[in-house]
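Chemist: Kindly produce the complete structure, drawing on both the sequences and the hints.
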Amino acid sequence: MLVDFCLPVHNEEKIVAASLKELTDFLRQQSGWSWRITIANNGSSDQTAAQASRFLSENVRLIDISSLGKGVAVKSAWLQSEADVLAYMDIDLAVALRHIPQLIAPIAAGEAELVIGSRLLPGSLISRSWVRELSSRSCNRLFRLLFGYPVSDTQCGFKAVRADFFRTIVNFLNDQQWFFDTELIVQTIIHRGQLLEIPVEWQEARYDRRKSKVRLWRDARRHFFNLLRLRQDLKKTKMI
Numbered sequence: 001m002l003v004d005f006c007l008p009v010h011n012e013e014k015i016v017a018a019s020l021k022e023l024t025d026f027l028r029q030q031s032g033w034s035w036r037i038t039i040a041n042n043g044s045s046d047q048t049a050a051q052a053s054r055f056l057s058e059n060v061r062l063i064d065i066s067s068l069g070k071g072v073a074v075k076s077a078w079l080q081s082e083a084d085v086l087a088y089m090d091i092d093l094a095v096a097l098r099h100i101p102q103l104i105a106p107i108a109a110g111e112a113e114l115v116i117g118s119r120l121l122p123g124s125l126i127s128r129s130w131v132r133e134l135s136s137r138s139c140n141r142l143f144r145l146l147f148g149y150p151v152s153d154t155q156c157g158f159k160a161v162r163a164d165f166f167r168t169i170v171n172f173l174n175d176q177q178w179f180f181d182t183e184l185i186v187q188t189i190i191h192r193g194q195l196l197e198i199p200v201e202w203q204e205a206r207y208d209r210r211k212s213k214v215r216l217w218r219d220a221r222r223h224f225f226n227l228l229r230l231r232q233d234l235k236k237t238k239m240i
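Start counting the sequence shown at 1; every next residue gets the next number (the UniProt record's numbering).
Worth double-checking, as some hints may not be accurate.
[Claimed, not checked] Label pairs and their calculated CB-CB ranges:
hint, residue 1, residue 2, range
1, Tyr-149, Asp-46, 26 to 32 Å
2, Gln-29, Glu-133, 44 to 50 Å
3, Leu-145, Ser-66, 23 to 29 Å
4, Gly-32, Phe-172, 30 to 36 Å
5, Gly-148, Ala-18, 29 to 35 Å
6, Ser-66, Leu-228, 29 to 35 Å
7, Pro-122, Leu-145, 39 to 45 Å
Honestly, the hints are just simulated from the structure, not real lab data. Cβ coordinates follow ideal geometry from the N, Cα and C atoms, glycine included.
Modeler: Right, here's the structure in full:
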């Protein structure tokens, strides 16, 4: 079984090398499945590609995606992959790597189509500001109110999906930005895929020299309107 880990990157020259070394060192210690890392260079204008190229090998590849957005980067990388399991994680590796086996095992065992990390389940360990904590909990509560799905954390950047199942829902995934995660979850449930959440340890700002791409209030407002739009669209098409 081949697992392909997508790392979407946009102007991450300061941390991409350190993260790739940490991840490859960890994956080399795993057994029971083969692995590959796909660095999805998402319109970077700095030295991200040059830094990432130092790690290219049979197990690490670099692809260029000109359109900007996390959603389009992950979706494009997954569509180009022949792996059995498709995963992605944020380049800052905010989720502790020790959770990777827990992310993959349920799919390998046929127990889930989609496995997602959660920072809000009992057993999760998180280190972040109270403002981001409040924003995250509010957005996820709104998701549950609008859709009625018992998912605790839609936005954690730590997910894996069975490849053949992903291809059955990919045409329903339209967002090219951060809302891709929510669409992936909603379409998995609509198409009767088994979804499993796992509690994770998550650390904000692991790299002090890296400026976060998140703009809290702007992104929270955008997420709110995206939730309303998605619910309206699904009602129009009678998918919910």
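Chemist: Where does the structure disagree with the numbered hints, that is, which hint numbers, in rising order?
Modeler: Per hint list: 1, 2, 3, 5, 7 violated.
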